[in-house]
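Here is how the chains run, residue by residue.
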Amino acid sequence: MEPFTTLEGVAASLPQDDVDTDQILPTPWLRDPKADLAKGLFGYLRRVPADKTESDFVLEQPAFRQARILVCGSNFGCGSSREHAVWAVKAFGIRCLIAASFADIFRENCLRNGVLAIRLPAEEIEGLHRAVQSVKGGAPFVVNLEEKRIRCPDGRAIAFDISDHEREALMLGLDDIGLTERHVSDIEQWENTSRRSLPFLQDFRIAPFNTSNKPSQ
Amino acid sequence: MGSSLIDKIWAVHRVGQRGDGRDLVYIDRHVLHDLHAGHAFASLQRNGRGVRRPDLTVSVPDHTIATRRMPGSPGRSGSSFADSMRSGSARFGITMLDIDDPRQGIVHVVSPELGIALPGVTLACPDSHASTVGAIGTLAFACGTSELEHVLATQVIAIHKPKLMLLRLDGTLKAGVTAKDVALHLIGQIGVAAGRGFAIEFAGSAVRAMDIDGRLALSNLTSEFGGRTSIVAPDDATFQWCHGRECAPKGAAWDAAVSWWRTLTSDDDAAFDRMVTIDCSELAPQMTWGTDPSQVAAIDGRVPDPGTFEGKARSAADRALAYMDLQPGRPLAGLPIDRVFIGSCANSRISDLRAVAKFVDGRRVSPGVTAVVVPGSTAIKRMAEAEGIAKVLQEAGFEWRDSGCSMCAGVNGDIAKPGERCISTTNRNFENRQGAGVRTHLASPLTAAAAALAGRIVDHRKAAE
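The listed protein sequences correspond, in order, to chains A and B. If you read the first sequence in our numbering, its first letter stands for residue 6, the second for the next number, and so on. If you read the second sequence in our numbering, its first letter stands for residue 553, the second for the next number, and so on.
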């Protein structure tokens, strides 16, 4: 995973609450294995469906087409668990999302793809939206993960919270599966114990089709 | 202090704690679907890893496969996603319930139907509706593609233990009010984010009185209020329902399992971080009017005035009414509709189809309405055909399809046309979910069937006469 240390770039504001992953990456880009996910990000909002008029969606505005940071509302990424939504955010060039809250699975998906998902209290989010909107993409914001600080173009700094473990995993680009593989002996031990205490948990068989698909017994 | 049901299953399956403070929780059953399996298989291979327990893993294609047979074609057509799932499953030694297997179906329908999901078992599935099987006492984790790969490689999930919520649904439901109506009403009451950070236990007399299919529909909508997992304590109805299923334990192993399952209830003094009680005794059938599942009203109610909402909820309602092409204050009943979809992991089970067939009984789908029924599994489809349900529905003018996710997610191309109004028994009414510009109203199978016959939204309790 690509390490995340400091990010400097244009920030865009999308204050809407409850933005679901069907909006972040709509189905037409999901169902095409070769789809350009960068184009698919907010696909319908950027290209008004069934209508050729130009969208005024924030990421379609010239000043924000290079956005690296997206400031959102609350419960961002709700709905479908599709990790493609995070892949699309990243493909567009956004490495940092800042919101009042994120849906549980979406935030997990961000962590595992090196996308920094920062939670801020509602009042601070409002202030940050105002700062982002007033700059209009004309000056960069800086997100420093080591210092846990967002620096606005006017010099103001906003501190944010993230657990030390998550910060370390992002900064070093740690391999999540690798972290668990260190515990393989615990997993083996659990399997052996469980075979004795609750045998049906480990004793599972499902017959392949053709050899036996008749109802058993 | 006592333990909750979720605490008990968690404690049994907790392998240990990782250096970063996450619990490692063993996954007894891992069910994959076609939309995400191929990615995870490819990534495993790229990283030189294998599947730790292919024997505990099952592949089920449902999202991307066709539900309509091509004229002249002897079998069902698959997709490139199903192809990737097939080759990956073969490579890693995972059993796949392929499109020609009579056990194929929507993964959340098939898992309990085959006894893959069972009480007290932990299950992972790369889909937000994994919690469906919580209805039979399975602790299920919805996950993304990277987590799917993690479970394939290690057979555990690395997770912070969520907070616990007890959601009590009390009261006797009125005639014609279903588990789906309860779920929609609940989401309307607590909002789309109430379950974020929580594992939820459903309890209360209304839940106890539901049959297993009803509980499955209720648990299915957990994701729609932000929950990642939910559960119902298993009871005699659950054990009876699970008994004899293909992968359920048999003989002495069954007896041993049941005696453990009987301990899987929350102790009276178990602690919960949040408790919510909702009385369901006065509930009417429900229908969504907006573009998130909390924007819901009684079927005999009206589209609300966004001016009655505060702040961002007001702008969300304004936006929803514009998208849905609805005027504030108008009754839901009477709105003309174009399409009806009966299917999905929310409502496609045999009891749903029986209720619909009984309601339709000799009447016809309104001219101009496209009405489609997609059974939740091939087994349900065959059962419905044997019982004469398929015949009733086809003679009424419903399309009778093969099982799959179909128009719930539209990933297989089953979508409606721009601007169409669709009454759908699915779980998501998001903008463009069922096709660009499609206006989705979520409802129960009975409400959907009544709309199909009338060509407009109606209260099925009145339309039955």
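Please keep in mind that the hints were generated in silico from the structure rather than gathered at the bench. You may find that some hints are simply not true.
Claimed, not checked - Here are the simulated lysine-lysine pairs, DSSO-like style, with alpha carbons at most 30 Å apart:
1) 969(B) with 141(A)
2) 713(B) with 95(A)
3) 969(B) with 44(A)
query: Within 30 Å, alpha carbon to alpha carbon, are residue 969(B) and residue 44(A)?
result: 23 Å, holds
field: Straight-line alpha-carbon gap residue 713(B) to residue 95(A), limit 30 Å
entry: The hint holds at about 28 Å.
field: Agreement of residue 969(B) and residue 141(A) with the hint, judged by alpha carbon distance not exceeding 30 Å
entry: Violated, at roughly 37 Å.
Taken one by one, the earlier hints fail for this structure only at number 1.
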